[in-house]
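Student: Sequence:
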Amino acid sequence: MQRERRRDPYPWTWEIPVAVALAALLVIVTGIQLGRSVANLLAGAGWTWPTTDGGANAGAFPSPIGTAFWTSLPGVLGGHADAGLPTPTPDGLAGRGLVWVGLAMTEVALLAATIWVGGWAYQRWGPGRMRGMATAAEAEKILGVTRLRKVAGIVRPDLHDKHATATAAPVQRTAGDLTEQPGPQLGHRLSPWLLNGRRTRRSDGEER
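If you're matching positions, the sequence shown starts at 135 in our numbering and goes up one per residue.
In short, the hints are calculated from the structure, not lab data. All of these numbers come straight from a predicted model, not from anything done at the bench. Each residue gets a CB set at the ideal place from its N, CA and C atoms; glycine is no exception. This list has only true hints and no planted wrong ones.
With beta-carbon atoms standing in for the labels, derived distance ranges:
| # | residue 1 | residue 2 | range |
| --- | --- | --- | --- |
| 1 | A270 | T248 | 19 to 29 Å |
| 2 | W148 | I199 | 18 to 28 Å |
| 3 | R258 | T164 | 21 to 31 Å |
| 4 | A270 | R290 | 22 to 32 Å |
| 5 | D225 | T164 | 22 to 32 Å |
| 6 | I150 | E274 | 24 to 34 Å |
| 7 | I276 | G180 | 51 to 61 Å |
| 8 | P224 | K275 | 47 to 57 Å |
| 9 | A268 | T201 | 42 to 52 Å |
| 10 | G287 | A246 | 44 to 54 Å |
| 11 | G253 | V285 | 29 to 39 Å |
| 12 | M239 | V289 | 46 to 56 Å |
| 13 | Q257 | T280 | 19 to 29 Å |
| 14 | P224 | E149 | 40 to 50 Å |
Using the sequences and the hints, build the whole thing.
Tutor: Below, the structure written as structure tokens:
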């Protein structure tokens, strides 16, 4: 049954692999620029980011993704911390070795985060996902300790009922209480004169 629930009736088309490849490429390129910025920040030059016009206009507002974002990639990979930055460049930019170290650290961190997010998304929306199963939060809401404590008066009213006597007198038991007590006998709750008559007839029968 679970095999049938895992079957995906829709085949994988070319759009999904292309989207994954483009997303991975964008993460790698962003990691290159972030690594250069982290290296400059560690060197004391502050946070740097390429501008839209490739640094020709010093007063341009830094754009997250612009022309310099792509044209400065070869220079950043070559260890140039000033590639694509607005002019004049800040003082104290990172050296070539620090730029490469920043690139490596940033790419490793982004790669680990991407793999984790991709694995989580594949389990959540992929073809092998569990269908019709409650999440951990839903199971906790219905069957968790909080829910059990909330309905404790219904599940065990003898222990958690609000109207139960809080200070009940302890029951004193003796050794004889551990043995099996006889159940109600014939003639239980009869009138005394009936019991006396039964005892008299029983005594006469035993004497015979």
